[in-house]
Structure formats: structure tokens, C-alpha cells
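Engineer: Listed below, chain by chain, are the residues.
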Amino acid sequence: MTARPSPATAGGDGPSGRGNTRVGVITFPGTLDDRDTQRAVRLAGAEAVPLWHRDKDLKQVDAVVLPGGFSYGDYLRAGAISRFSPVMETVIEQARAGMPVLGICNGFQVLTETHLLPGAMLRNNHLHFICRDQKLRVENANTSWTAEYEAGQEISIPLKNIDGRYVADERTLDMLEAEGRVAFRYLDTNPNGSLRDIAGITNEAGNVVGLMPHPEHAVEPLIGSGRTDGLGFFTSILKKLVNA
Amino acid sequence: MARVVVDVMLKPEILDPQGQAVQRALPRLGFEGIADVRQGKRFELEVEGPVDDAALARIREMAETFLANTVIEDFTVRVDS
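Going line by line, the protein sequences match chains A and B.
Per UniProt numbering, the first sequence starts with residue 1, numbered consecutively.
Per UniProt numbering, the second sequence starts with residue 1, numbered consecutively.
Just chain A, same shape as in the assembly (with noise of 0.2 angstroms):
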């Protein structure tokens, strides 16, 4: 299971990274969304380096993406066992030295596991899993993701998730606010019961940022609702790394 094929040998999905910048996508044992992911990256113009739930070592890549899915089967909490692998304590260390790190679903749930994010995810409150588009707005157009958009702006992007209601207590919820970090809002409806209508938070620092909502499946026209609304978050990322 190690050896899976680099991005140079899988092609036919998209084109190959220039090479100048590197983003880590993290494989766990039940990870869904890491060739996704891995393909948004490269189209946005980015090497995509896969990155193994057992090994420490990050291949110096400049940032990293944990992808949807189900790792370790949602056992115990979701993202709860993902948070002890190997790679974990390596891209903590990272994230709190100010490396770009981006959770997306499952991935949200693992960064507020390892505390990089505040609060928690829980069932859905009608208890059922959804997958549909989902209107959000970017609140916080300064994170290391989100520098492409503007604040205040629209987008549409796929939801799917059972486990994607935001929660935090009162204090926390003011905090985020207060400072800006819910970096997405769901608009027009709540679509899980999220506090707030959040969908999606960033750290103090604006490294890290975690969202429910996929925008690796919203970044070619001929896919899906054909949107791209999901291919600023990885040209954010290049931006940014770009002119650091």
C-alpha cells in the first residue's frame, strides 16, 4: 500500500506541476479524496506530492492538504485516530511554524482533532448524509487559501458529509468572530446545523483553515456543476507561497 505511483507516472488527469511549488496531499487508510486533490493541485499549477499517513517525513513540500474521506473508518470520532499517525506530528510542528495547511471534510475534522482549529464536528442534526452543491460566502479573504477571492463573495462548491455540524461553545464562537477567522459562512440554508453557519474556520495566523464543503471537486468546467469556484483555494496557496 506504500507505493503508490507519483503524479509524474499516474497521469492523463490534468497537467504536470511546474515543479516550483510542492503541496502535500496526505493518504490515511480510508481517505477518499487525495487523487482529487492531488489533480486540483496540479491544475492550479502546482507539483502535488503524495504523502503517506505512516511517514513522518513531508518531502519538503512548502504546504500541505488533508483530503476528504474516511480515515480509519471514522472509528471512535471522525478524524480522532488520523490525529496520532506518523505525518500528524510532523504537520503540526509545521502548521504552528506557519506552513499552509488545508483540511478539507475529513480533513477539517483531523486539524479540529489535533486542536490546530478550535471547536468540533458532529452528526449531522437531521442525521442524514448529504451531498449537493452549497453556497458559501468567503468571510476572510486574507488566509493563506482564500487570498484568490474577495470577501463577501459567492461561491459554489460540493457538500458531502454525515459528520458536518460545527460546533463550539459561546466563548469560542465570539473569538472567531471577533477576530474574523470563520473564513466560510453557508448561505441561504444551514445545511447541518452548524453554529453560526459555519463552514469553515482559520487559526490566528491564517496558515491553517478548515472547511466541510469540497472545493477539489469544483475545478473543472466539465465536472460536476461546472463551476471552478474550488481552484482559488489552490491558486491561493501558490500566490501566497510565490511572493513570501
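The set of hints was computed from the structure by calculation and includes no laboratory data.
Warning: the hint list may mix true and false statements.
[Stated by the list, open to error] Within a straight-line C-alpha distance of at most 16 angstroms, the following computed EDC-like cross-link-like pairs (lysine to aspartate or glutamate) qualify:
| hint | chain 1 | residue 1 | chain 2 | residue 2 |
| --- | --- | --- | --- | --- |
| 1 | A | K239 | A | E148 |
| 2 | A | K135 | A | D188 |
| 3 | B | K11 | B | D74 |
| 4 | A | K160 | A | D74 |
| 5 | B | K41 | B | E73 |
| 6 | B | K41 | A | D74 |
| 7 | A | K59 | A | E47 |
| 8 | B | K11 | A | E170 |
| 9 | B | K11 | A | D169 |
Being a predicted model, the structure only gives us computed values, none of them experimental.
Place chain B on chain A using the hints.
Structural biologist: Here is chain B on its own, set in the frame of chain A:
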């Protein structure tokens, strides 16, 4: 071998839709008089060696860092006799 039981429950202020679904199903099944249901998790740990204060302290640490997410959950630890 001694058994230690760790019970993990959602904090009272956290909405528990699974518990609510169970509670709403009860009258349909003919079980009346249950005002509220909260659903939690129970872990049964078979401990090698004596369950002394040091062992219990380690189990509490385990519960706090892993078995429960204290952002949303409370836990209790007890020796099952």
C-alpha cells in the same frame, strides 16, 4: 484481570440528535414516560496488572486525550467490580 469502564457522554449543552431520534421513537413502540434520551459511548478496558492510582491516572489521561474529545464530551472512569 481487572476491568475499568470509561463512559463518554456529550456535554449537556451539546445537541444530541441521535438521542432525540431514539426518544421520539419510544412512544411508537409503546414505551411511554421517557422525557429525554442522551446517547453516549462506553469503553471496557481489561487492565494488565494492578489497578492502582498510577494505572487510573494513566487511564484518565487516555480518556482525556483520546477516548473523549473534551471540547464536546465529558467522561467518567470507574473500576468495574
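Engineer: Please go over all the hints and tell whether each is borne out by the structure.
Structural biologist: Here's how the hints hold up against the structure:
1. The straight-line distance between the Cα atoms of A/K239 and A/E148 is roughly 8 angstroms, inside the 16 angstroms bound, and the hint therefore holds.
2. Of the pairs offered as hints, the one joining A/K135 and A/D188 holds, with about 7 angstroms between alpha carbons and a cut-off of 16 angstroms not exceeded.
3. A C-alpha spacing of about 6 angstroms is found between B/K11 and B/D74, which places the hinted pair at or below 16 angstroms, so the restraint holds.
4. Taking the CA atoms of A/K160 and A/D74, the gap is about 15 angstroms. The hint holds against a cut of 16 angstroms.
5. Simply put, B/K41 and B/E73 have alpha-carbon atoms about 10 angstroms apart, close enough for the 16 angstroms limit, and the pair holds.
6. With a C-alpha separation of about 15 angstroms, the suggested pair B/K41 and A/D74 falls inside the 16 angstroms cut-off, and the hint holds.
7. Among the hinted pairs, A/K59 with A/E47 is consistent with the structure: their alpha-carbon atoms are about 12 angstroms apart, no more than 16 angstroms.
8. Annotation: proposed proximity of B/K11 to A/E170 holds, straight-line Cα distance about 14 angstroms (limit 16 angstroms).
9. Between B/K11 and A/D169 the alpha-carbon distance is near 11 angstroms, which keeps this suggested pair within the 16 angstroms criterion.
Checked against the numbered hints listed earlier, the structure breaks none of them; every hint is satisfied.
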